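**Student:** Line by line, the protein sequences are chains A and B. Going left to right, the first sequence walks through residues 1 to 114 as my numbering numbers them. Going left to right, the second sequence walks through residues 1 to 142 as my numbering numbers them.
Quick caveat, the hints were computed from the structure, so don't treat them as lab data. Please note that the accuracy of each hint is not assured.
According to the in silico footprint, chain B covers these stretches of chain A (three or more CB under 8 angstroms from chain B) [what the hints assert, rightly or not]:
1) 4-15
2) 61-70
3) 88-94
Only a predicted model underlies this, so the values are computations on that prediction, with no experimental measurement involved. Note that CB positions come from ideal geometry on N, CA and C, so glycine has one too.
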Amino acid sequence: MASLDMAVEEVGSGTKVVLRGRFDTTGAILIEMPFNAITREKPAIVVDLSAVNFLSSYGIRVLLVGAKTVKNKGGKLAILCPEGNVAKVLEVAGASTLIPVFPTEDAALAAVVP
Amino acid sequence: MIPHPRERLTLKRELAELDRLTAWVKTIEQQIGVAPAIAFALELCLEEAVANIIMYGDAGDHGDIAVTLEQAPSGLMARIEDDGWQFDPTSAAQRVPPQSLDDAKVGEVGIHLMRTFATDMRYERKSGYNTLTLTFAAAAGA
Chain A
1 MASLDMAVEE
11 VGSGTKVVLR
21 GRFDTTGAIL
31 IEMPFNAITR
41 EKPAIVVDLS
51 AVNFLSSYGI
61 RVLLVGAKTV
71 KNKGGKLAIL
81 CPEGNVAKVL
91 EVAGASTLIP
101 VFPTEDAALA
111 AVVP
Chain B
1 MIPHPRERLT
11 LKRELAELDR
21 LTAWVKTIEQ
31 QIGVAPAIAF
41 ALELCLEEAV
51 ANIIMYGDAG
61 DHGDIAVTLE
71 QAPSGLMARI
81 EDDGWQFDPT
91 SAAQRVPPQS
101 LDDAKVGEVG
111 IHLMRTFATD
121 MRYERKSGYN
131 TLTLTFAAAA
141 GA
């Protein structure tokens with residue numbers, strides 16, 4: 001059983017998508033459809049990876065596809081992720097040069113909310 | 001030290017098997033006391049290697065995937081064997097980092113992560129089997 005949970009919170013005029021657990025292949029497949037739906041609907045999204053303890057290439061793919069969807073309709077998506085292994089994966093994969101990554105929620109929200 | 005110095009797991013070519021792989025690796029990590037950075041690197045590289053075989057390695061008439069873990073003088077060694085299409089990730093072209101979201105391709109990310117997080121990565125094709133050997137030295141990323 002994959003162990004990745006997703007919760008969605010409205011914070012001011014932004015949307016926070018909180019992921020918890022392992023963002024591995026099976027976890028990413030589990031949340032891919034509902035996550036894609038949010039990226040189609042919402043213009044200002046912060047993906048909170050603070051409680052994610054593992055990230056693999058399939059998870060990065062889901063994040064990149066989501067960021068592209070939001071960008072193509074004129075919105076913004078940022079990642080909230082503190083220092084650690086998950087931040088290192090984002091950096092090594094080159095994802096952090098394509099999607100802005102912030103260590104605090106305030107900074108991430110400020111970057112996406114118009 | 002590992003109570004049984006060599007552990008082996010056989011996986012079917014199904015994505016759900018990745019969860020069994022994770023559970024198996026975590027159990028061994030706990031048994032032998034692997035440093036957190038090595039444990040993360042090991043889990044990441046095994047996930048990428050096995051997911052790659054399951055998703056792109058032609059399920060056809062091919063058999064199971066065997067994963068072996070052992071402690072070697074050079075560090076923790078993981079070996080992944082399968083009889084699918086010949087594929088050598090060590091010879092894949094170096095990834096050019098995308099400059100924009102429009103250029104971003106995700107296909108090569110897994111191999112790039114393996115190259116970065118494993119200390120050493122070797123490939124051999126023998127008797128119809130792909131064998132990928134990954135080493136994780138204690139100093140790497142610790």
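**Student:** For each hint, tell me whether it holds in the structure or not.
**Tutor:** Evaluated hints:
1. 4-15: violated (count 0)
2. 61-70: holds (count 4)
3. 88-94: holds (count 4)
Against the hints set out earlier in the document, a violation occurs for number 1 only.
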